[in-house]
Amino acid sequence: MQLYSSNYSNLWIRLKEKKLLLIALFTIVTLSILAIIGPYLTPFTYSEQILTLKNKPPGYDFYLKYNKNNNGTINIIEVSEEPIENAAGFKVEKRIFLFGSDALGRDLFTRIWYGARISLSIGLATAFIVFIIGSIYGGLSGYYGGWIDEVMMRIVEVLNSIPFLLYVILLMLIFEPGLKTILFAIGGVYWLPMARMIRGQVITLKEQDYVLAALSLGASSWRILFKHILPNSLGPILVYTTLTIPEAIFTEAWLSFLGMGVSVPIASWGSLINDGIEGMRSYPWQLFFPSFLITITMLAFNIIGDSLRDAFDPRFKRK
Amino acid sequence: MAAYILRRFGTMLLSLFFIISLTFFMMKVIPGGPFSSEKRLPPEIEENINKKYHLNDPWYVQYKDYLIRTVKLDFGPSFKYKSRTVNEIIADGFPVSAKLGSTVILITLVVGINLGIVSAMKQNQTQDYFAMFLSTIGFSTPNFIIAYLLMYIFAYKLKLVPPAMWGTWKHMILPAISLAILPTAVVARLMRSSLIEELQQDYMLTAKAKGLMERQIIYRHALRNAIIPVITYLGPLIATIFTGSFIIEHIFAIPGLGKYFVSAIQNRDYTLILGTTVFYSLILMLMNLIVDILYTLIDPRVKLYK
Amino acid sequence: MPQKKPSILFLITLIVIGLFIIGCNKSSVDEKKIQQITYNLGTEPETLDPATATGRIEATVQMALFEGLTRLDENNKPVPGIAKDWKVNKEGTNYIFCLRDAKWTNGDLVTAYDFEYAWKRLLNPDTGANYAYQLWFLKNGEEYTKGKVSADEVGVKALDEKTLEVELKVATPHFLSLTAFPSLYPVNKNIVESNPNWHTKPETFVGNGPFKLVQWEHNQQIVLAKNPTYWANEDVKLDKLIMTMIGEQNTELTMFETNQIDIAEDPPLSEIRRLLDEGTASLHPEISTYFYSFNTDNPVLGDKNVRRALSMAIDRQSLIDNIAQASQKPALAFVPYGIPGKGKDFREEGGNYFEENVEKARELLALAGYPNGEDFPVLELLCVARGNHQRIAEAIQEMWLKNLNIRVKITNQEWKVYLQSLIEGNYQIAIAVWGTDYIDALSFMDVFISDGSNNVANWSNKEYDRLIEIAQTNDDPKARIEAMHDAEKILIDEMPIMPIYFFTNVNMYKPWVKGVIVPVIGGFQEFRWAYISK
Numbered sequence: 336m337q338l339y340s341s342n343y344s345n346l347w348i349r350l351k352e353k354k355l356l357l358i359a360l361f362t363i364v365t366l367s368i369l370a371i372i373g374p375y376l377t378p379f380t381y382s383e384q385i386l387t388l389k390n391k392p393p394g395y396d397f398y399l400k401y402n403k404n405n406n407g408t409i410n411i412i413e414v415s416e417e418p419i420e421n422a423a424g425f426k427v428e429k430r431i432f433l434f435g436s437d438a439l440g441r442d443l444f445t446r447i448w449y450g451a452r453i454s455l456s457i458g459l460a461t462a463f464i465v466f467i468i469g470s471i472y473g474g475l476s477g478y479y480g481g482w483i484d485e486v487m488m489r490i491v492e493v494l495n496s497i498p499f500l501l502y503v504i505l506l507m508l509i510f511e512p513g514l515k516t517i518l519f520a521i522g523g524v525y526w527l528p529m530a531r532m533i534r535g536q537v538i539t540l541k542e543q544d545y546v547l548a549a550l551s552l553g554a555s556s557w558r559i560l561f562k563h564i565l566p567n568s569l570g571p572i573l574v575y576t577t578l579t580i581p582e583a584i585f586t587e588a589w590l591s592f593l594g595m596g597v598s599v600p601i602a603s604w605g606s607l608i609n610d611g612i613e614g615m616r617s618y619p620w621q622l623f624f625p626s627f628l629i630t631i632t633m634l635a636f637n638i639i640g641d642s643l644r645d646a647f648d649p650r651f652k653r654k
Numbered sequence: 005m006a007a008y009i010l011r012r013f014g015t016m017l018l019s020l021f022f023i024i025s026l027t028f029f030m031m032k033v034i035p036g037g038p039f040s041s042e043k044r045l046p047p048e049i050e051e052n053i054n055k056k057y058h059l060n061d062p063w064y065v066q067y068k069d070y071l072i073r074t075v076k077l078d079f080g081p082s083f084k085y086k087s088r089t090v091n092e093i094i095a096d097g098f099p100v101s102a103k104l105g106s107t108v109i110l111i112t113l114v115v116g117i118n119l120g121i122v123s124a125m126k127q128n129q130t131q132d133y134f135a136m137f138l139s140t141i142g143f144s145t146p147n148f149i150i151a152y153l154l155m156y157i158f159a160y161k162l163k164l165v166p167p168a169m170w171g172t173w174k175h176m177i178l179p180a181i182s183l184a185i186l187p188t189a190v191v192a193r194l195m196r197s198s199l200i201e202e203l204q205q206d207y208m209l210t211a212k213a214k215g216l217m218e219r220q221i222i223y224r225h226a227l228r229n230a231i232i233p234v235i236t237y238l239g240p241l242i243a244t245i246f247t248g249s250f251i252i253e254h255i256f257a258i259p260g261l262g263k264y265f266v267s268a269i270q271n272r273d274y275t276l277i278l279g280t281t282v283f284y285s286l287i288l289m290l291m292n293l294i295v296d297i298l299y300t301l302i303d304p305r306v307k308l309y310k
Numbered sequence: 160m161p162q163k164k165p166s167i168l169f170l171i172t173l174i175v176i177g178l179f180i181i182g183c184n185k186s187s188v189d190e191k192k193i194q195q196i197t198y199n200l201g202t203e204p205e206t207l208d209p210a211t212a213t214g215r216i217e218a219t220v221q222m223a224l225f226e227g228l229t230r231l232d233e234n235n236k237p238v239p240g241i242a243k244d245w246k247v248n249k250e251g252t253n254y255i256f257c258l259r260d261a262k263w264t265n266g267d268l269v270t271a272y273d274f275e276y277a278w279k280r281l282l283n284p285d286t287g288a289n290y291a292y293q294l295w296f297l298k299n300g301e302e303y304t305k306g307k308v309s310a311d312e313v314g315v316k317a318l319d320e321k322t323l324e325v326e327l328k329v330a331t332p333h334f335l336s337l338t339a340f341p342s343l344y345p346v347n348k349n350i351v352e353s354n355p356n357w358h359t360k361p362e363t364f365v366g367n368g369p370f371k372l373v374q375w376e377h378n379q380q381i382v383l384a385k386n387p388t389y390w391a392n393e394d395v396k397l398d399k400l401i402m403t404m405i406g407e408q409n410t411e412l413t414m415f416e417t418n419q420i421d422i423a424e425d426p427p428l429s430e431i432r433r434l435l436d437e438g439t440a441s442l443h444p445e446i447s448t449y450f451y452s453f454n455t456d457n458p459v460l461g462d463k464n465v466r467r468a469l470s471m472a473i474d475r476q477s478l479i480d481n482i483a484q485a486s487q488k489p490a491l492a493f494v495p496y497g498i499p500g501k502g503k504d505f506r507e508e509g510g511n512y513f514e515e516n517v518e519k520a521r522e523l524l525a526l527a528g529y530p531n532g533e534d535f536p537v538l539e540l541l542c543v544a545r546g547n548h549q550r551i552a553e554a555i556q557e558m559w560l561k562n563l564n565i566r567v568k569i570t571n572q573e574w575k576v577y578l579q580s581l582i583e584g585n586y587q588i589a590i591a592v593w594g595t596d597y598i599d600a601l602s603f604m605d606v607f608i609s610d611g612s613n614n615v616a617n618w619s620n621k622e623y624d625r626l627i628e629i630a631q632t633n634d635d636p637k638a639r640i641e642a643m644h645d646a647e648k649i650l651i652d653e654m655p656i657m658p659i660y661f662f663t664n665v666n667m668y669k670p671w672v673k674g675v676i677v678p679v680i681g682g683f684q685e686f687r688w689a690y691i692s693k
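Quick note, the sequences are listed as chains P, S and Y, same order. According to the working numbering, the first sequence holds residues 336 to 654 in order. According to the working numbering, the second sequence holds residues 5 to 310 in order. According to the working numbering, the third sequence holds residues 160 to 693 in order.
Pulled out of the complex, with its shape left as it was, chain P reads as follows (with noise of 0.2 Å):
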């Protein structure tokens, strides 16, 4: 009994029917590239102030007369709307915010990308964790069943029960704050809901016929749940996996928003939003540019996430 499709070249024939997919792989692609050479697109630095003009609005154009120093930074000598004369010993350039300036007058564009970096790391790291810890996690504690699964489950309660900003506080104290902390933290909790998931499908299809046929077959058990069971609840896994991706980068912000997040001057998506909701009457791109791109990228990740099942889906035998 073959369940499982191995003809990969028809998987990716498949998959190349589909429109929306290579939109959506073209979406994360660009995404990705932005975020690696975004930061560097602008002549600007994400940590780069210019106080005099903060919360300009997107597409702001001025002249800046500056010089080097020596550590790399500038001293800003003018600026100003109106073409500025250059001195020697000075250099003048024309600079446009093409997405606004924040509170502090730093490019929102530069920032946009660099936070994409943090963010995007946090949200695919976690569901990785999420996705390998849950699965294993949970296909064994649904598939024995029994006492094994009561003492596996309690101890995802009892994880879930103890209050995260505690842990949180406890990790930041073990490790340094910073990122790898916050992927440990999040990464940590994240994976529990999915267990719970995983072991509620896994105790419903271990009772249907083609396990119990390829049980009788004598397939080991590991091959049972890898091969056939878990493959078989693709659907919500991957449905669960995409939705701790905004829910790991909204808890980073979370976490800065108490304190605990990446530190400053560094961006990320979830900062950023923070910082665009105080000021989202008056500056509402702040807060527009950071959601849009996150909803642009989740919307992505889904797509994927559908398009990923029905290829690996064992009965899908459309058109």
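Certain hints may be false.
If you want a taste of the chain P side facing chain S, the calculated C-beta under 7 Å gives, among others [claimed, not checked]:
no., residue
1, ILE497
2, PRO498
3, LEU500
4, LEU501
5, ILE504
6, THR539
7, GLY570
8, PRO571
9, LEU578
10, SER626
11, LEU634
12, ASN637
For the record, the hints were derived by calculation from the structure and aren't laboratory data. From a predicted model like this one, the values you see are computed outputs, not experimental measurements. All C-beta atoms, glycine included, are put in the ideal place defined by N, C-alpha and C.
Starting from the structure of chain P, add chains S and Y where the hints point.
Okay, now just chains S and Y, sitting in the frame of chain P:
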């Protein structure tokens, strides 16, 4: 079944013991006490306060006191809100959060499940794309942004509803919508994906071959199995939503319980941390038990115990 | 199912129309004629018991519910409260207060015994009161809290129902203002002794102030009404006072702008400038200083030249204009404006003790062995994610980098972890704020004595200690102030702290709100003389 439930209650008590112990030691290890403030007090005054609240006792005495309090379900006075007890705080806050929470769950179930069914039935058609687009926006936009936007549009600009505070049903509209959007979106997606899977199972194909009407098939057969992931998701969610959301209650100035899960820790309000944790974990474990029982009711083949 | 769609749409339309009608019907009634103010307190008070309450939130409610021997008027001068008049001896150490006929809300007479009882209760070690030290100016007050003497030896005594005698340790010029402070409010002895939880519910609450407690909906609102038993009740114009507990700044502003609340404080940072320009918000003095503390135990920061260089290399006015935006005053000294000196304002007498000068700062840094910032280690700046602390820190980080070529790393800590780090001296540079509970320069100057529990800079200077001791013990007001001026000069010259600015408060009042006083100590708003006028 009765024996199983009894056994579950037994293990729940054991879990509770571990939860209390872990929480106790964690809150004792993290820096800062309930009475530390910007202005450090003269040491003698600090001493007097610690004596009054038994913070001078050795850790095992304090630990024992906490265990006894939990057994009696009487958590004592709050350290921060000196004129209230932890039990009073929970008794005041929980009904508010639960009232809002039940509205949220109702919206989630009705809208989420129906959206999921429509999507699954019309898979890869316009209705599906539209529903899934909506739900993706729902779960990629954080609820606090939705909350602020709703408040801005409906309370500030249109003046249709009060911006914040608690009282009439009108106060409940904006927070309920803000809170319901994410779970609704998730339920819709879970429903869609598991229903699609269910529709391709052999028994469904057989039923179709037998000529049963499509709608009947869905409700009688597929829905029952497809709803399992939704139920798994809703169990812990109900525990979380009924005990209140910190951020939404903060934004809409709702006197619920959600606030304390965060502020108790920020204030190092030891008794309140313990009280809220025990309360939450009891509800969570109860919900998980109900979910497990539901599995067996929905699919009689499922065996939880041997 | 397609036939269902129109019906759902129809339902939604109905609901929206319904809401619209309900929404429109309201607001046409003019409610502002009744004497009622809704003020956003912001958060739930911890307690209303004068002995154990500490913060300004609590004090705001208590000021409406109680009255002490005196009450502060709009110039922050003590005016007679429950005390009709008083006599002070020549040395300024003995006060005899003569009480007026005033009643508690339960009809009992407010007696001198109530005051004696309340004060001793505050000092009593078993009460565990944070603010017990507010009464350490009393003879034997400190000793009683520390368990060294009995209550009978404390320098407060009711001579009869209407006469209270107070003996101070040394002459304390601000003592009269202190008697207006919530910790020193009287409590009804009989009530407190018979019911220890008297202060938790409106039904059992007994006060003696201009308002009485009607309703306390936790985490939502406190409702107060004019107190008919208050001694000057015909002078109180407000009938009803509602204090809401909206903690979110954006929500608060929305509530204010939709006329749901009449008074709000502390609008979102990004809106401050607009609100001030529109005239919606107004500025009010606040006696507190924003500064960075240098840990002088650190080998690099142990060098006075480094500390001075860091302090001189930032542009305070730019921080205020661009980030804080509430017309704070740049701080080039430690004691803020608004505290009396020898004759004029203490700060104006003292003036500035240093100036911002990037060139000079670079020279000092070179002198310390770091020409052009070379080899200067990366220091850690300890910050918290509250208010504008982070933005100011980011701007200062950038200023140090540009002006001195010095890199610092900003580390955020959770609030209580941060407090612990300060106490343990486990930091290099840290943000800090110092405010006061009484109007005297000493409340700022005694922070940095060698063993001071709030001297988180771990700085020590013998001459400074000597001068502060003069200020603490000398009965001559002139000599005290003189000593503190000299001490402040030493403090700023040594620069264990880098002053940044003196705070202001940004408050918003609806135009029909009149007569509300913004006190500089105690609560945020004083409603005793408030009224509505359209």
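Hints versus structure:
Hint status for ILE497(P) relative to chain S: holds, with the closest Cβ pair at about 6 Å, below 7 Å. Satisfaction of the interface hint for PRO498(P) is found here, the shortest Cβ-Cβ separation to chain S being roughly 6 Å, below the 7 Å cut-off. With a least beta-carbon distance of about 5 Å to chain S, the hint placing LEU500(P) at the interface is held under the 7 Å criterion. Taking 7 Å as the C-beta cut-off, the interface hint given for LEU501(P) holds, the closest approach to chain S being about 5 Å.
Interface restraint check: ILE504(P) against chain S, minimum CB-CB distance 5 Å, threshold 7 Å, status holds. At a threshold of 7 Å, the smallest CB-CB gap from THR539(P) to chain S is about 5 Å, leaving the interface hint in force. A hinted interface residue such as GLY570(P) counts as satisfied when its beta carbon comes closer than 7 Å to some beta carbon of chain S; here the least separation is about 3 Å, so the hint holds. Interface hint at PRO571(P): satisfied, since its Cβ lies 4 Å from the closest Cβ of chain S, which is below the 7 Å cut-off.
Taken as an interface hint, LEU578(P) checks out: its beta carbon lies about 6 Å from the nearest beta carbon of chain S, inside 7 Å. For SER626(P), the interface hint holds, the least distance from its beta-carbon to any beta-carbon of chain S being 6 Å, beneath 7 Å. A hinted interface residue such as LEU634(P) counts as satisfied when its beta carbon comes closer than 7 Å to some beta carbon of chain S; here the least separation is about 5 Å, so the hint holds. For ASN637(P), the interface hint holds, the least distance from its beta-carbon to any beta-carbon of chain S being 5 Å, beneath 7 Å.
In the structure shown, no violation is registered for any of the earlier numbered hints.
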